[in-house]
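> Now for the letters of each chain:
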Amino acid sequence: MNNLQYEEMVLNVDLLIQEHVIQNKKIYLFGYCNATEELADLLLDKGFLVASILDNNIAKQGKEYRGIMIQSPESILMEKDNESLVCIAARAYAAMNDQLKRLGYGGKICKLVDYNSYAEYSLSKETIFRMKERVVRGRVLLQALKEKNIASYRILCPFAALGDIYIMMSYLPYFLKKKGIQECVVGVIGNACAQVVRLFGEYDIAIYSQKDMDEIIQAVLYDTDENTFIAHQDRPYLVNLPKALYEKCISLEQIYCCGVFGLPIMTEPYKPIAFQEYGRLHDIKEGQAVILSPYAKSVASIKGAIWKEIVEYYTEKGYQCFTNVIGAEKPLSDTMPISPCINEMKSVAERAGIFIGIRSGLCDVLKEADCRKIALYPDYNYCDTQWKALDMYRLDGWENIVIGDGFQWRID
Amino acid sequence: MPIDDGMIADITKQMEIYDKIFLVEKNTENIFIQFLNSDILNASEKKILLISPEEMDISPAVDFHRVTESQFKGLKSLYYMYEFSNRFQILAGSSQWGNLLNYLDTGILDTEEVFQALLY
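These protein sequence lines map, in sequence, to chains Y and F.
The opening residue of the first sequence carries number 1 in the numbering used here; numbering runs sequentially from there.
The opening residue of the second sequence carries number 1001 in the numbering used here; numbering runs sequentially from there.
The shape of chain F in the complex, shown without the other chains:
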């Protein structure tokens, strides 16, 4: 997947500004949409950016940056290529490795605790 220079420049600048950058698809798990509208996120002092190829209903506490499908795929590709930042994260579950949603499903954590954990 080609990675364009403009996208690199944008994300580099965004990582200077934001504490957390979440990349999200619209058909991601509902729990993440809830997170993006949660009181916990609203109350967070962190500067948070959401990047998505689709418009999303999210908390006004979160900045939003819309990207093209191609740019979205490019960012995903980078994320799975290596860890280029600890501020950037894709909000999605996975069947290939353990993740916080398993704690929710097994009752180890409640929803609020998962939301707090996502902000670290």
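Next comes chain Y alone, as it looks inside the complex:
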């Protein structure tokens, strides 16, 4: 969940409180994911109790988050409709809302974050009109993009995840060659994703907000714009690649190489070519420092106590400890903040000698870094599949460590 989405969630929870919707009701959440953890934290901090987190994934049922049991969605049927409500901060709100209603649940279902502007499970005239207007807005944005990049084929990236952009870019040249395309413009969300694109060379880039990107993509779909390719593994809704994960474990790398781009399985990814040196490398003791990366937008967090252990371990051994931070992120206790640009991260990690990060897109950016690289995986299932994060995102040449219950930092 990014900052804007988090603010939206806080606002909507406050509205529920002001309108006395949530008080004196048994609160259920639907969809166990990082966003739901943040919602649970928010409600608990405000003094509310959460009865349960509902989830379709059998692998998640029976587990707990902060003492809140994860149960099957059918559990809600034990409650009276007027004595309970379901809050949803997960992406698949429309499908979850539909599922609850089909189960026969008649209580209030509250959407707390608008993650998915593509989906509204209604065929009312009002919905169709509104969605048609959305397409019209998208056409205007698409036309502007076409006018700015007349000769170019368009590659659109529907989601702001650095790892997805990195992997996509590493296979894109093969795809362009396969289609005989000489020039392209890459549309991304936000500057950080644009920085990842630039790692791979001099591409024309168009930067959009999430809302605008959603609308352009909808226009592309509606008008069947054949000079645009949507380069993502599970967005928008027509991309059926995720269904394969119910049958087989396919790594994210293979999903992009084979599923998105249709390239042969043994295709070697391109490596980035445009890294730069961080201007303050002299602040880092060469080979005697650790760069820590504890923050990731869409990944369940790792407990502060574990990071504390890691910091203590390396501090005792005489290492400098830095925390990679952006914006309002705080450095871990007893570490120094460091904020290199994405294209400077490799030089920082190599100078330090050790990088330890929660498995996130930043780890993909550092794939080629010549240093000791440790990726920490919170113990969670990938979406609603039986596969663990490690199965999907394992990195070659890295130490891949899963943080399970009772994990203690013990490494030489």
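In short, the hints are calculated from the structure, not lab data.
Keep in mind that the hints are not guaranteed to be accurate.
To be verified - Mimicking EDC-like on lysine to aspartate or glutamate, the simulated pairs with C-alpha atoms at most 20 Å apart in a straight line are: (1) Y:K248 with F:E1113; (2) Y:K243 with F:E1045; (3) F:K1020 with Y:D98.
Dock chain F against the given chain Y, drawing on the hints supplied.
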């Protein structure tokens, strides 16, 4: 493309009844025709509806609803306008985004696995 009220009423009712609704053109990829006649589909416990403007040779396990060309285009138009249901799907490949057929072409999945995946 105009979307008529009758078509909306029909599809709304169909989404109440069926677990999966597939919209298909007759000249769709052969693999989808194979899917619609497959043992995997026959053995599925899901209630499945096929909507098409043409008669099609399909498994008796699948219900069929014939629509006019205009209604077919209307449904396609709706599908590409927004996600109005996770039960409704057009059975077609695409050169504009990644899809399961790429897994078949690259050997990641075999035909049976693609057919199973389509049923989710």
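> Next, verify each hint and record whether it holds.
Status of the hints after comparison with the structure:
In summary, the hint linking Y:K248 to F:E1113 is supported, as the alpha carbons are separated by about 8 Å, within the 20 Å threshold. Between Y:K243 and F:E1045 the alpha-carbon distance is near 18 Å, which keeps this suggested pair within the 20 Å criterion. Taken as a hint, the F:K1020 and Y:D98 pair is honoured in the structure, with Cα atoms around 14 Å apart against an allowance of 20 Å.
In summary, this structure violates none of the numbered hints.
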